[in-house]
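Protein chains in written order, with our numbering: chain R, 1 to 147; chain V, 148 to 298; chain Z, 299 to 482.
Hints are supplied without guarantee of correctness; some may be wrong.
What the hints assert, rightly or not - Pairs of lysine-lysine, BS3-like flavour, derived with a Cα cap of 27 Å:
(1) K375/Z x K186/V
(2) K281/V x K186/V
(3) K62/R x K13/R
(4) K375/Z x K281/V
(5) K295/V x K281/V
(6) K61/R x K13/R
In short, the hints are calculated from the structure, not lab data.
The structure displayed is predicted, hence computed values, not measured ones.
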Amino acid sequence: MIFHHLILRVVTKLLVGTIVLFALYVQFHGDFSPGGGFQAGVIMSVAFILYGIVFSLESAKKVFPEWVVHKLLALGVLIYAGTGVATMLLGYDFLDYDAFSPLHPTHGQHWGLLVIEFGVGVTVTGVMVAIYYAFAGRPPSMSDEEW
Amino acid sequence: MNKFFEFEFLAGHIHYLLFIVLMMTGLFIVVDKTNLVKKIIGLNIFQVSVFMFYVSIGKVTGGTAPIFPMDSNYHVDKDALQENLYSNPLPHVLILTAIVVGIATTSLGLALIVRIRESFNTIDEEEILEIEQKMTRDDNMKYDDISKGML
Amino acid sequence: MIDTFTNTVLFTMLVLTALAIVRMERLFAVVMLSSVFSLLSALLFVTLDAVDVAFTEAAVGAGISTVLMLGTIALTKPAVKKSRHNAFVPLIVVCITGAALIYGTLDMPAFGSLDAPAQIHVGPDYLSRTPSDIDVPNVVTAILGSYRGFDTLGETAVVFTAGIGVLLLLSGLRRRRDDDGEDI
Numbered sequence: 001m002i003f004h005h006l007i008l009r010v011v012t013k014l015l016v017g018t019i020v021l022f023a024l025y026v027q028f029h030g031d032f033s034p035g036g037g038f039q040a041g042v043i044m045s046v047a048f049i050l051y052g053i054v055f056s057l058e059s060a061k062k063v064f065p066e067w068v069v070h071k072l073l074a075l076g077v078l079i080y081a082g083t084g085v086a087t088m089l090l091g092y093d094f095l096d097y098d099a100f101s102p103l104h105p106t107h108g109q110h111w112g113l114l115v116i117e118f119g120v121g122v123t124v125t126g127v128m129v130a131i132y133y134a135f136a137g138r139p140p141s142m143s144d145e146e147w
Numbered sequence: 148m149n150k151f152f153e154f155e156f157l158a159g160h161i162h163y164l165l166f167i168v169l170m171m172t173g174l175f176i177v178v179d180k181t182n183l184v185k186k187i188i189g190l191n192i193f194q195v196s197v198f199m200f201y202v203s204i205g206k207v208t209g210g211t212a213p214i215f216p217m218d219s220n221y222h223v224d225k226d227a228l229q230e231n232l233y234s235n236p237l238p239h240v241l242i243l244t245a246i247v248v249g250i251a252t253t254s255l256g257l258a259l260i261v262r263i264r265e266s267f268n269t270i271d272e273e274e275i276l277e278i279e280q281k282m283t284r285d286d287n288m289k290y291d292d293i294s295k296g297m298l
Numbered sequence: 299m300i301d302t303f304t305n306t307v308l309f310t311m312l313v314l315t316a317l318a319i320v321r322m323e324r325l326f327a328v329v330m331l332s333s334v335f336s337l338l339s340a341l342l343f344v345t346l347d348a349v350d351v352a353f354t355e356a357a358v359g360a361g362i363s364t365v366l367m368l369g370t371i372a373l374t375k376p377a378v379k380k381s382r383h384n385a386f387v388p389l390i391v392v393c394i395t396g397a398a399l400i401y402g403t404l405d406m407p408a409f410g411s412l413d414a415p416a417q418i419h420v421g422p423d424y425l426s427r428t429p430s431d432i433d434v435p436n437v438v439t440a441i442l443g444s445y446r447g448f449d450t451l452g453e454t455a456v457v458f459t460a461g462i463g464v465l466l467l468l469s470g471l472r473r474r475r476d477d478d479g480e481d482i
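Build the full structure now, drawing on both the sequences and the hints.
And the structure:
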């Protein structure tokens, strides 16, 4: 852990919450403004990666355990594909969101978009955090002074 | 051939030329540099230049970003919609997903580099090639001895 | 006209950054420059009206990819060794490729023209149908999730697969070693 970077640690503590909030905004406001699951997933994972860099990998893993990450990256794809299966079970085509609200097709589309964007966001968050954990978990070959 | 030197033609095609210059820089890094991390960065430059080229196809002069105006109930305002010209959103969709897939595959390449460094203790292409040639020579000599022993 | 000017200035900066990346020896500087490159290209995407793409590029290119590159350097070596072969042959290869591509662009429609083939077929159709079909203001989201939902499902699966690949390469083997003990 970096004990001497006091300012960095305080600023990080302030920033992490803001970044998560911004990620959620990008995730659920993606229908109305630039944004969506892909961007939100990346921003959300940046919050955890920043926390992991400034504090330590161990404290990041306490907040977001590795097994949860591994479940999440599969869960997102399942949510997405499951939405498609659900529309099929309701008697419509695969990923035809009109199925969720046959009387108001645009409402159904809104629900469908919200759910699949959430699935994309979950997968991207999981993958990016998992990749960071995998890289950071290896013993480094060079010391801090060599940079 | 004359039309290729007119100002209008050049102004319309200068962007493509610039994308290609950028792409050439990326390709040069990939072909010339022997360090594997640098090759990956070259590949990224190459990739971004292709993305730009693709997105530029959807650009319409005088157009704006394909986000419609909203009315007070968060629905698309169909009257205000007609006032603007919008750029083609399809290339944006394709490239948006391509960027995220690009970073995922880049990280796969970087993971491979880390494993290469652990087996060969170098990430320089020429050194890896030398080590591999030496390993093959050693293998050949070993199996040569064995086959001689069998005879 | 002002568009062309802005784009050209941004492009000059991009090309200069790329050339600096070619020249640099220290990988740390190269990675930082590639982060700068991503931010500049995000700016260029904004001028090309692709705000969603710019958003993604800024988050991914300047954020995550820099972290991953730095992580890789920390696990490998920081400096690039001088290459022994000369740069003449690669330069020839690159120039031939560039010349072929420039020859290819001569037939392309002018930049930003309204009657280009890309502008008269499926793109305007999406633009005109989105308000009644899906009724979300951001057309990019509408195409991404609904019209081209299959594509996006595939892309998500690719991201997932790449993540699994990294996990197998970097963390899977180590755990197996710990369990077996004497495995090489």
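Structure-based check of each hint:
1. Only pairs whose Cα atoms come within 27 Å are accepted, and K375/Z paired with K186/V is accepted, the gap being roughly 14 Å.
2. Simply put, K281/V and K186/V have alpha-carbon atoms about 24 Å apart, close enough for the 27 Å limit, and the pair holds.
3. Between the alpha carbons of K62/R and K13/R the distance comes to roughly 15 Å, so the proposed pair stays at or under 27 Å and holds.
4. At most 27 Å may separate the alpha-carbon atoms for a hinted pair to count; K375/Z and K281/V meet this at roughly 22 Å.
5. Only pairs whose Cα atoms come within 27 Å are accepted, and K295/V paired with K281/V is accepted, the gap being roughly 21 Å.
6. Annotation: proposed proximity of K61/R to K13/R holds, straight-line Cα distance about 16 Å (limit 27 Å).
Hint compliance for this structure: every hint is met.
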